[in-house]
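J.: All chains, please: the whole structure from these sequences, using the hints.
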Amino acid sequence: MGAYIVRRLLQAVPTVFGVALLTFLLFNAFGPDPVRTALGNHATPEAMANLRHQWGLDQSLPLQFLDFLRQIATFDYGKSFVTGDDLGTQLKAGALVSLSVTMPPFVFGGIVNVAIALFITRHRDGVVDKAARALFIAAMSVSALVYVLALQYLLAFKLDWFPINGYEGGWAAVKYLGLPWLIQLLLLMGPDIRLYRTLFLADINADWVRTARSKGAGEGRVLFRHVLPNAWIPIITQNVTTIPFLILGSFLMERFFSIPGIGNLTIDALSRGDLPILKAVTVLGAMALVAFNLLNDLLYALADPRVRLS
Amino acid sequence: MEIVQPKAARASRALARVTLACALAAHGVRAAEPSVLTVPRLAQFETLDPQRGFGQTEDQVLRQVYSTLLTYAYLERPYKLEPDLLEAMPTLAPDKVTYTFRLRQHVRFVDCPCFPGGKGRELTSDDVLYSLKRYADGNVNAKSWFAMQGAVAGLDDYHAATLKAGPAADLTATDVAGLRKVDDHTFTIRLTHENPLFLHVLAMAPTAIVPREAVRFYQDRFQVNPVGTGPFRATQALDRKATMRLVRNPDYYRTYPAVGAPGDAEAGLLKDAGKRLPLVDVLEMPLIEEAQPAALMFLRGGLDWRPMDRAWFTKMVVRGPGGTFRLRDEYAGRFSVYGVPGLETEYLLLNLRDPVLGGNQLLRQALAAAVDPQAMLDVLFNGRGHRLQSLVPFDLPGNERETGDVARAHDVAAARRLLAQAGFPGGKGLAPLTISFFETNAATHDEFDLLKSQFAAIGVQVKGRFMDQPTFTKAAENGNFQLASYGWEADYPDPEDFYQLLYSRNVPPGNNWTGFANAAYDKAYEASRFMANGPGRLAQLRTMNALIQDEVPMVVLYDPLKFGITQGWVGNFKHSLLVQEPMFLSVDMARKRRGVQ
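As they're listed, the protein sequences go chains A and B. With our numbering applied, the first sequence corresponds to residues 1 to 310, in that order. With our numbering applied, the second sequence corresponds to residues 311 to 907, in that order.
Bear in mind the hints are in silico, worked out from the structure with no lab data behind them. Fair warning: there could be bad hints in the mix.
Claimed, not checked - In silico lysine-lysine, DSS-like type, Cα no more than 27 Å apart, as pairs:
1. B:K833 x B:K406
2. B:K784 x A:K79
3. B:K884 x B:K390
4. B:K884 x B:K902
5. B:K390 x B:K551
6. A:K175 x B:K551
7. B:K551 x A:K79
8. A:K92 x B:K474
9. A:K158 x B:K625
10. A:K79 x B:K474
As the list claims (entries may be wrong) - Now the in silico label distances, taken between C-beta atoms and shown as ranges:
11. A:A150 x B:E640: 15 to 25 Å
12. A:A144 x B:G844: 55 to 65 Å
13. A:V128 x B:T545: 54 to 64 Å
14. B:R904 x A:R124: 50 to 60 Å
15. B:T545 x A:P14: 33 to 43 Å
16. A:F30 x B:G844: 43 to 53 Å
17. B:S763 x A:L186: 35 to 45 Å
Said to hold, decoys possible - Sample of chain B residues with no beta-carbon within 10 Å of chain A, all distances over it, derived:
18. T381
19. K453
20. R555
21. W622
22. Y648
23. A730
24. A741
25. P742
26. N788
27. R815
28. K884
29. A900
Ideal placement from N, C-alpha and C gives every residue a C-beta, glycine not left out.
T.: What follows is the structure, given as structure tokens:
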């Protein structure tokens, strides 16, 4: 397994290089001029030239790219163009906040959604199944923004169950995160439960399941002992590859509830042309994706004894 | 660990508190409960270093903690300069270029560990000269230097020297010919030429006075550790993303104004005249970037004021007879709504360097006559704004009420006639024109659709080109556009700031993006630029407006009204586009407590 991990990590190097190159080229070819964005319309040409020099943007593109590669290799992305704040500190703080917003509903939702999917599968083609399908399809066809606006209005403003907006660090954050968690749980339910139900149904009449039934196993045992274990690999795939996006945060939640996570940081950086943040978030996101794909493959071996890592 | 007290002891202490509160109230002593004003920040500030920042977001916070030499009167209109850190308005020497400034006595910087013993010290002329030099430092101030560029003797050389020396060098000890200390409370500024507009720069937040010790002490962190002489002070480093809590600066020196505009006294805006500012103990500024949470927080009583966006305006406000606006009945008793003319002019630019538009004045006139600014206001802004007759917004000197200017009327028949005379009868032979926009949102697309229909009415086809602001600016500066929707917000309250948009010497990187170069216009602009307001200046403004109507390098559209809403427990509110209101506002805390749900 050690050799496999080393090989996969080495394979990741050209992937990250490709992402870095693409990111660099896209921002330089199509992105707005960060100097112009930062200084506005009133800046003198000397001021623009001076800032371009301070930010190293007057160097040749190959030199700038080499510097970008150095940042990636050392995980030192320097400072924000706009605020001058250290990016390492900003990203770490933002990632923790984003995880506090997205991870609890992800974990709790994962467990609850598998349970609900099993329950629906148990009652497949019955009233419960049909009603759930109709409900989830309807729920999935509504934009996430509508959920945010409607539930913020109803649960926070009208019913006063949650604060409308705000954030505090530490345990005090829980008070403000209740509603974002609830909204994310609801948003995850439709797609997750429908996916899990499909996975379970794919195996519900498999040979080994029919054998189990013929041996007298009850429907509950069939589902938990013979159907669920076979669905683990796609469930793991779906969940583990989602984790990098959890770190990158939920822009909508962070924006509407004034939560200072990575999502908000990225959108602010976009509007202000803060290239170091945008480059760092893009490349770190790609690296996280590569890392969690590797974790995914390692978990396959644990979930399914037939999988051999070589 | 909680310490449980005997019931009797708790009752006794409660009684003592009530007695003390009654006694304090009876003697007019401020109650223990602080008065708190809560206003939202709508975007994150980039920096609270006055010399580095330049924008509305920064201005909203900087004005609470720093002071400038001059400011604008809170109540009087049109906007008028008045002393802030100065004892009186500066005096101008007979040479017409040397101003003498006299600072107020006993103005102190707030306490800060950067000072010996942590105690704030008195502000002196040295601080002013240091701050102005820091403002001119090209490594510190890249955003607002334009406002003082070329104005003060020797300062441009200083600016160049700082750029040459680099960011690590501190040249503030260098002598600048135009900046002279007379004594600790007196200094002079010598200009390069007669320029009454210069005083406006001294009311801009980037020229706020900072202490050298704080800049040195905090270095990079100075941008979140303000140390000023403003009405409020920070008790800890300020977080861009968190709710900002500022407390009253007990040493603040200004008092509530005794003079207002007509009607202010009747509106109760002078009842606190002469009281020490600020009128509240605590100013809270949460960051709320989206409209819905801000609106819901306001309705709950969690915010004392908020500007009103289009969607919530429609929900809460109705248009009454005579075009007035009022709150719907369900809100009328609880809140107050205001609408004031902005200090901005929206317009369509026509690129005179474009081969189709540049050489065809009749075509430009036809396009101008086809545009219906009032319809744009009605459709795009629910009628919230003034159709402008001249380039100058409503609340500035030199506006249309003073000049009597009348813009080209919307006239489809005349537009068709002009189009035919231009060689394109019914639009035949004219390739579709492109209108550039600096935003890509739905409102911008609505604007394009409306313009498209107005031009289609005379047979002119148009295409939309939607860009982000930097891309748009680059395209406009390079002359890479035909028509462009844009606007200008006053940097300072003077018509010169608007007429410079078409001055031929202001070609890019200046602000004249149209390529308009007209000797008569330039002559009128140069004559009016530094002239005192009066009939002579108004005549020059009229000349320039007439030339704009005739040559059509731009079509002036409208000045949108700025709307906002305040809680009923907030006193003294009069929306100003140049003064931050919080220090003047009072809060009836008893009513606020009852009102907060």
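J.: Evaluate each hint against the coordinates.
T.: Taking the hints in turn, this is what the structure says about them:
no.	hint	in the structure
1	B:K833 x B:K406	holds (22 Å)
2	B:K784 x A:K79	holds (26 Å)
3	B:K884 x B:K390	holds (15 Å)
4	B:K884 x B:K902	holds (19 Å)
5	B:K390 x B:K551	violated (34 Å)
6	A:K175 x B:K551	holds (18 Å)
7	B:K551 x A:K79	holds (17 Å)
8	A:K92 x B:K474	violated (37 Å)
9	A:K158 x B:K625	holds (17 Å)
10	A:K79 x B:K474	holds (23 Å)
11	A:A150 x B:E640: 15 to 25 Å	holds (21 Å)
12	A:A144 x B:G844: 55 to 65 Å	holds (59 Å)
13	A:V128 x B:T545: 54 to 64 Å	holds (58 Å)
14	B:R904 x A:R124: 50 to 60 Å	holds (57 Å)
15	B:T545 x A:P14: 33 to 43 Å	violated (52 Å)
16	A:F30 x B:G844: 43 to 53 Å	holds (51 Å)
17	B:S763 x A:L186: 35 to 45 Å	holds (41 Å)
18	T381	holds (21 Å)
19	K453	violated (6 Å)
20	R555	holds (12 Å)
21	W622	holds (12 Å)
22	Y648	holds (24 Å)
23	A730	holds (38 Å)
24	A741	holds (27 Å)
25	P742	holds (25 Å)
26	N788	holds (12 Å)
27	R815	holds (15 Å)
28	K884	holds (28 Å)
29	A900	holds (22 Å)
Checked against the numbered hints given earlier, this structure breaks hints 5, 8, 15 and 19; the rest are met.
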